[in-house]
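Asker: Read off the chains here:
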Amino acid sequence: MSIKEWPLWEVFIRSKQGLNHKHVGSLRAADAEMALENARDVYTRRSEGISIWVVESNNVFASDPSESQEFFEPADSKIYRHPTFYDVPDGISHM
Amino acid sequence: MNQAHVDFVLRIADDSLILGHRLSEWCGHGPVLEEDIAMTNIALDLIGQATSLLNHAASLQGEGRTGDDLAFLRFDREYRNLLLVEQPNGDFGMTMMRQFLFDAYRTILFERLQSSSDEMIAAIAEKSLKETKYHLKHSSEWVIRLGDGTEESHARIQESLNTLWRYANELFYTDAVDDEMRNAGILPDLSDLRQQWENTVNHVFQEATLTIPANNWKQEGGRKGMHSEYLGYILAEMQYMQRAYPNMEW
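Those protein sequence lines, which keep their order, are chains A and B.
Quick note: the first sequence uses my numbering, first residue 1135, plus one each step.
Quick note: the second sequence uses my numbering, first residue 721, plus one each step.
Just chain B, with the same shape it has in the complex (with noise of 0.2 Å):
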C-alpha cells in the first residue's frame, strides 16, 4: 500500500462526502422548490463523487474495507477535506458562496486530473467534470444575482466572502503527499492552480460588485486532519446509524 496514494484520493473524497452531506441538510428547507431540487441534485453529484472514490481508496489500501467502511467508520482526524466544505450552510447566500469557492478550484482540479496516470482516477474525474462544470455554472450565476441584487442580498453575500474567505487558502495547500503523486505522474501539473481560479473568481466577482476581505487571515488544517468544531457534529449524524447498528443494511 503507498500511504501517499490513499491519502490523496481520500483529499478529494472527503471533499465530495462532507460536502455533499452539508447540502443534503438543505433538502426540504430550500428558498424554494426549484432551488430545494438543484441543491438535492447537486448533493448526489456529490456523494456520487465520494462512492467512487472511496472504494477506489479502500481498494488502494487492500485491506478488505469498502468504500462504506471509509465513509462511516473513520474518526474525525482520518479525514482529510478542507476545512471550507464542513462550514456551516448559513443562509442561501453562504451556501452559493461556499459552493462557489469550491467548484472554481474543483473544475480546474478535474480537468487536470483527466490525464492522471491513475486510470481509476482520470476516469472518475472526467465523468465527474461534467457535474462540476455545472455546479459551477449555477454556483457563479446565484453569486452574481446577489451580489448585484438588491441592497440587501448584496450586503448579506459580501458577509458570506468575509466569513468564508479565510478558507480559500487551503484549497492551494500542497505537502509531500503532493510531490510523491506529482513524481509518480498521478497528480499533473498544478503550479497555475492558484491563477486560474483567481481568475474565475475575480472575474465573477467584478461581476457581482463584491470586493474580497482586506483581511488575510488563512486558517487551514483539514487536509491533515486537523478540523474546526462542525466536522464532529456532521459526523455523529452521518455515523450515528452505522455506529449504533454495526452492519446494517437499508
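In isolation and in its complexed conformation, chain A is listed as follows (with noise of 0.2 Å):
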C-alpha cells in the first residue's frame, strides 16, 4: 500500500424527506464517485439517510479558534436577539 493517502470527504447526510442533510464524517476516497460510495456504505448501512452529500475536506473554509473572541462572544451580550421579551397571549399552546 502506498503511503499517499486518498483525499479527505466530508459526508453529510439527509436522513428522511423534509429533513435537512446533517454532518455525520468523513472518509478517504480517490475521486467523487468513490467518495459516495463509500459513504454509502461506511454511513448508511442501518438505513440512516435518503440522501448523500460530499464534498472535498480542502473546500471546506473554517472559521479561525483564535479569532473567537471577535468572531462569537459579542453576541453573547445582546440578549435582546433573543425573542425572549414578548408576552405569549392566554389560549396559545404549543410555543
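Careful, some of the hints might be misleading.
Each computed BS3-like pair below joins lysine-lysine, with the alpha-carbon atoms no more than 25 Å apart [said to hold, decoys possible]:
| id | chain 1 | residue 1 | chain 2 | residue 2 |
| --- | --- | --- | --- | --- |
| 1 | A | Lys1150 | B | Lys850 |
| 2 | A | Lys1150 | B | Lys853 |
| 3 | B | Lys857 | B | Lys847 |
| 4 | A | Lys1150 | B | Lys847 |
Derived from the structure by calculation, the hints contain no laboratory data.
Please read all numbers here as calculations on a predicted model, not as lab measurements.
Put the complex together from the two separate chains, hints included.
Answerer: So this is what it looks like as C-alpha cells:
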C-alpha cells in the first residue's frame, strides 16, 4: 500500500424527506464517485439516510479558533436578539 | 420432490454462498477501511441471498432438512457453484475482476428470474437484484479505475483477467436441468444472456483499456459438482464448527 493517502471528504446525510443534510463524519476516497459509494457503505448501512452529499474537505473554509473572541463573544451580550421579551397571550399553546 | 428444481435453486444458492464466503475472507484485511466495509457489505448481501435460496431448496426437497443443513453438511461434490466464485481472492484487483465477471451475469439472471413461475424465486430475485445492481456498479468502477489507472494497476488487473477468463464460459453452462426449468416456466428465456453479458463486459473493458485474452481454454464442471482444488479448503473452514460440534448454535 502506498503511503500517500487519498483525499479526505466530508459526508452529509439527509435522514428523511424534508429534513436538512447533516454532517455525519468523513472518509477517504480517490474521487467523488468513490466518496459517494464509500459514504453509502460506511454511513448508511442501517438505513440512516435517503440522500448523501460529499464535499472534499479541502473545500471547507472554516472559522479560526484563535479569533473566537471577536467572532462569537459579541453576540453573547445581545440577549435582546432572542425573542424572549414577548408575553405569550393566553390561549396559545405549543410555544 | 423435483430433483431438477432443487438442483436449479442450489446452483444459484451456492454461487451466493461460496462467493460470499470468499469475500468475507477480506474482512479486516481490506486495502483501506472504506473498501473493507464495502466488501463485507457485499459478502453479507450474498450470504443473505444464500440463506433465502437454501431455505427454499430445503423446503423443495421436503426431507426435513434446513437451509443451514444444506450450507454446512453437504460434501464438496454436492455443491453446484461456478468454478469462478471459488477461485482465490488473489490481490484486490483479482477479487474485483472475479466480482465483476460474476455481477454482470447475476444482474441479468435476477432481472429475468423476477418473472419466474416459482413465486419464491421471483421474490428473492426482485430483492437480490437491487443488491446486485450496486455490486456491479462497485466492481465495474474498480475494474475501470485499476485498468485505466497506473502502469502497475493496469498490468496487474490485466493479469487477473487473463487468469479468470477461462472460468467465464461456465456462466452460460446449460444442461437438462435448465431445459426442464424452462419448460416449467421457472426459468425465463435466457437465450440472449451471453450477448447481454458481453455488451456489459466489452463496454467496461474498453473504458478500462483491458484486452480479452486470446487463449480460448475453457474450464467448467462446478454446475455438475466437479470443483477445483480450492472448494475443499473453503468447506473445511466453513463447515469445521458444525462438523466438530454437531447441532451447535451460536
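Asker: Confirm or reject each hint.
Answerer: We went through each hint and held it up to the structure:
no., hint, verdict
1, A:Lys1150 <-> B:Lys850, "holds, 20 Å"
2, A:Lys1150 <-> B:Lys853, "holds, 23 Å"
3, B:Lys857 <-> B:Lys847, "holds, 17 Å"
4, A:Lys1150 <-> B:Lys847, "holds, 22 Å"
Of the numbered hints given earlier, the model fails none.
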